[in-house]
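Undergrad: In order, the protein sequence lines correspond to chains A and B. Residues 1 to 123 (this note's numbering) make up the first sequence, in order. Residues 1 to 108 (this note's numbering) make up the second sequence, in order.
Rather than coming from a laboratory, the hints here were simulated on the basis of the structure. All figures in this text were calculated on a predicted structure; none of them were measured in a lab. We put the beta carbon where it would ideally sit given N, CA and C, even for glycine. Be aware that one or more of the hints could be misleading.
Short derived list, chain A residues pointing at chain B, Cβ under 10 Å [to be verified]: (1) S17; (2) E46; (3) M100; (4) G114.
DEER-style ranges, computed between Cβ atoms [unchecked claim]: (5) A:S7 / B:G41: 15 to 21 Å; (6) A:T69 / B:N76: 17 to 23 Å; (7) B:S7 / A:V5: 30 to 36 Å; (8) B:T5 / A:N77: 16 to 22 Å.
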Amino acid sequence: EVQLVESGGDLVQPGGSLRLSCAASGFNFRSYWMGWVRQAPGKGLEWVTNIKQDGSEKYYVDSVKGRFTSSRDNAKNSLYLHMNSLRDEDTAIYYCARLMEDYASGSYYRDYWGQGTLVTVSS
Amino acid sequence: DVQMTQSPSSVSASVGDRVTITCRATQGTSTWSAWYQQKAGKAPKVLIYATSSLQSGVPSRFSGSASGTDFTLTINNLQPEDVATYYCQQASTFPPGLTFGGGTKVEI
Numbered sequence: 001e002v003q004l005v006e007s008g009g010d011l012v013q014p015g016g017s018l019r020l021s022c023a024a025s026g027f028n029f030r031s032y033w034m035g036w037v038r039q040a041p042g043k044g045l046e047w048v049t050n051i052k053q054d055g056s057e058k059y060y061v062d063s064v065k066g067r068f069t070s071s072r073d074n075a076k077n078s079l080y081l082h083m084n085s086l087r088d089e090d091t092a093i094y095y096c097a098r099l100m101e102d103y104a105s106g107s108y109y110r111d112y113w114g115q116g117t118l119v120t121v122s123s
Numbered sequence: 001d002v003q004m005t006q007s008p009s010s011v012s013a014s015v016g017d018r019v020t021i022t023c024r025a026t027q028g029t030s031t032w033s034a035w036y037q038q039k040a041g042k043a044p045k046v047l048i049y050a051t052s053s054l055q056s057g058v059p060s061r062f063s064g065s066a067s068g069t070d071f072t073l074t075i076n077n078l079q080p081e082d083v084a085t086y087y088c089q090q091a092s093t094f095p096p097g098l099t100f101g102g103g104t105k106v107e108i
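If we strip away everything but chain A, and leave its shape as in the complex, we get:
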């Protein structure tokens, strides 16, 4: 059974830092793109970052570029999100998700999601 379990969410002051973790199990972690998606309270879904299977390519939404860094440890089946210079608007539930490629179409979608971890940025 595929499982993604996030941890590390907390209350942090503006300007502070936090590291989120996502523990993966039930599939060959090193074979998949992985990503983080966030959802501010009462708002919609926003993709944050995607990281390639070997970590050689990483992409970020403009609002977090230069502040957030994604990484992965394939030996530990783990995904990480390092967040610096946190702002009030970063307050959200952060979900870890597996990216699946449909080979017939070449399209991508997120087929498994964790339960999310809450990050609150407030003084």
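Place chain B on chain A using the hints.
TA: What follows is chain B alone, placed relative to chain A:
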């Protein structure tokens, strides 16, 4: 990034009704889409991928289609358990990101 403009933002329907939700790709083109269902307090769940392919285990009353740059999710025979917020996602231009539409809240 390709942006997805989703409508309506909310819809109220009766049990047994057909509900249609639309997304339009802007600031670029997208050939493919995916659709997600998010129930209150839960993580999103994929319903449709590659525009019209039904994810395993999803009831057949859910279907997806496309016409040009417009993508549609149809829920036939609406059931009480379908109360949720639905999101589209562009699925063609990757990397960098796979952007979502703004969401549609479906109520009964």
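Undergrad: For the range 17 to 23 Å, tell me whether the beta carbons of T69 (chain A) and N76 (chain B) fit it or not.
TA: 44 Å, violated
Undergrad: For the range 30 to 36 Å, tell me whether the beta carbons of S7 (chain B) and V5 (chain A) fit it or not.
TA: Distance hint for S7 (chain B), V5 (chain A) holds at roughly 35 Å.
Undergrad: Regarding the hint that S17 (chain A) lies at the interface with chain B, is the smallest CB-CB distance below 10 Å?
TA: With a closest approach of 23 Å, the S17 (chain A) hint is violated.
Undergrad: Verify the interface restraint on M100 (chain A): the C-beta must sit less than 10 Å from at least one C-beta of chain B.
TA: Holds. Min distance 7 Å.
Undergrad: Is the hinted range of 16 to 22 Å satisfied by the C-beta distance from T5 (chain B) to N77 (chain A)?
TA: Once the Cβ atoms are compared, 37 Å apart, the range 16 to 22 Å for N77 (chain A) and T5 (chain B) is violated.
Undergrad: Could you tell me whether the CB distance from S7 (chain A) to G41 (chain B) stays inside 15 to 21 Å?
TA: The hinted range 15 to 21 Å holds for S7 (chain A) and G41 (chain B), with Cβ atoms some 18 Å apart.
Undergrad: Once the shortest beta carbon distance from G114 (chain A) to chain B is found, is it less than 10 Å?
TA: Cβ of G114 (chain A) sits 7 Å from chain B, so the hint holds.
Undergrad: Could you check if E46 (chain A) really has its C-beta closer than 10 Å to a C-beta on chain B?
TA: 7 Å, holds
Violated hints, listed in ascending order, are 1, 6, 8; each of the other numbered hints is respected by the structure.
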